[in-house]
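S.K.: These are the residues of each chain, in order.
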Amino acid sequence: MTTLFECYKEFVPDFAEFQESLQDPIPTHLRINTLKANPGKVQNRLQARGFRLIPSYRGDTTLVLAPDIATPGNLLEYFLGYIHPQALTSCLAVLVLNPEPEAYVLDMCAAPGGKTSHMAQLMDNTGLIVANELYPSRHVAMGHTLSRLGVANCVITSYQAQQFPLRTKFDYVLADVPCSGEGTFRRVHSRTEYRETKEKALLPQLQKKILVRGYQALKKGGFLVYSTCTYNPDENEEVVTHLIKETNAEIWPINLESIAIDSGLEQWRGRRYDRMLKRAARFYPHRVNSVGFFMARIRKPE
Amino acid sequence: MRKSPHLREAGKLKIDYAGIKAFHKVGKYLKPTTRLIQCFGEEASKGIVELCAEEFASLVSGNELKKDLPLEDGYVILRLGQDVVLGAGLWTKGRLISQIPRRELREAMFREDLWAGGRNGN
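Protein sequence lines correspond, in order, to chains U and D. In case it helps, our numbering puts the first sequence at residues 1 to 302. In case it helps, our numbering puts the second sequence at residues 303 to 424.
So that you can see chain U by itself, here it is in the shape it has in the complex (with noise of 0.2 angstroms):
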């Protein structure tokens, strides 16, 4: 059989281990949505039935793996919005952005919905989310994961990421962008191949812009979340190099207590970073059990 992602190997921790966790399938992770139901509640209906959960992040109670469940979708819970499947490093990337209640929030890329639901569930839905989706044939999913969800403090919008207008500065910015989502590939079949696109070399080019814009769009003092599903260091340590080249922008550290977090990259294949992107994290497979991750906690100096 042949390596996956044979290039990082250079950076990856526990390499084989790493190869090991590819051969199995994501596993079901389950937000329970507060804006509509008690956690506690939720659990104990779900656990009545003999389905197992399990906390996946330490003092959260709305987060947990549900390894019995193979399709969400069927459950009464799910159409009445008491919960949402979404991957845990998924859900972590609002955890560390941690928007506060009446705060004004950009949703880069939001679609299909997941984190601005998640956003919206930490905020209380006061405040207010500018979704951002390029596309408006994603628009109607992403409405009816809101409206399912119960999100009422958001507003949807359909700029290109990129050139989304600076004519109002935001307290919190997300740019969870579009990548080749290295991270979600897994080999659940004895056949299946991780295929490189030619799309993928364009896409360091469009991530930089769109958080560079995002920076331009966050007010002195907020902070904004680099996000990406992908192990790719062009994707990643390059495009946040980028921004603090281009700006004046400071990298904080993410604290994420029982979750194993790797520090960003210093280098790959002779580039340099800059030395905060040691503060950014990475999420492996092997390490938390979810899709594989990126992720920088990016400050505006006042």
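FYI, nobody ran anything at the bench for these hints, they're computed from the structure. Take these hints with a grain of salt, some might be off.
[What the hints assert, rightly or not] No farther apart than 25 angstroms at their CA atoms in a straight line, the calculated lysine-lysine pairs in the PhoX-like style are these:
1. D:K316 / U:K169
2. D:K316 / U:K209
3. U:K36 / D:K333
4. U:K300 / U:K169
5. U:K219 / D:K316
6. D:K314 / U:K169
7. D:K348 / U:K36
[Claimed, not checked] These stretches of chain D come out as covered by chain U in the derived footprint (C-beta under 8 angstroms, 3 or more residues):
8. 309-321
9. 331-341
10. 396-408
Glycine included, each C-beta is placed from N, C-alpha and C at the ideal position.
Based on the hints, put chain D in the right spot on chain U.
M.R.: Chain D only, in chain U's frame:
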């Protein structure tokens, strides 16, 4: 959202959608959406029809339910047991008709044995 101080700021943008859709126009009537009912239905004090799992399953399969209820004709709130607000129903001439979009529902959602926890409370 109307009370949000950020609304004036967001007004500088071209907004495609805002908030949750509350009503559909059906002929000359306004029908409350499923999502509106689910969000605010537990605040209601009247116009509520309590169903058991079998009744819910029958309704969402497309059947009408004949019941003797002290209600005026119009839209009502369908509730499973005492605490699960499902969506809207239409009560007309002694018959109850579900207004919940069938495409959103799966058979597994309303099997009696899957609701032991909900019916018995917590």
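S.K.: Checking one constraint from the list: CA of K316 of chain D to CA of K209 of chain U, max 25 angstroms. Satisfied?
M.R.: Holds - the C-alpha atoms of K209 of chain U and K316 of chain D are around 21 angstroms apart, at most 25 angstroms.
S.K.: Quick one: see if chain U covers the segment 309-321 of chain D, three-plus residues with Cβ-Cβ under 8 angstroms.
M.R.: Three-residue rule met by the segment 309-321 of chain D, so holds; n is 11.
S.K.: Take a quick look at whether K300 of chain U and K169 of chain U sit within 25 angstroms of each other, Cα to Cα.
M.R.: holds (12 angstroms)
S.K.: Checking C-beta pairs, does the segment 331-341 of chain D have three or more residues closer than 8 angstroms to chain U?
M.R.: Result for this restraint: holds, n = 4.
S.K.: Are the Cα atoms of K219 of chain U and K316 of chain D separated by 25 angstroms or less?
M.R.: holds (20 angstroms)
S.K.: Take a quick look at whether K36 of chain U and K333 of chain D sit within 25 angstroms of each other, Cα to Cα.
M.R.: Holds: K36 of chain U and K333 of chain D sit about 22 angstroms apart, inside 25 angstroms.
S.K.: For the pair supplied as a hint, K314 of chain D and K169 of chain U, confirm whether the alpha-carbon distance does not exceed 25 angstroms.
M.R.: At roughly 11 angstroms apart (the allowed maximum being 25 angstroms), K169 of chain U and K314 of chain D satisfy the hint.
S.K.: Hinted pair, alpha-carbon criterion (25 angstroms max): K348 of chain D, K36 of chain U. Please report holds or violated.
M.R.: holds (21 angstroms)
S.K.: Are the Cα positions of K316 of chain D and K169 of chain U separated by 25 angstroms at most?
M.R.: Roughly 15 angstroms separates the two Cα atoms, so the pair holds.
S.K.: Do three or more residues of the segment 396-408 of chain D come closer than 8 angstroms to chain U, measuring C-beta to C-beta?
M.R.: holds (count 3)
Going down the numbered hints, you'll see the structure goes against none, and every one checks out.
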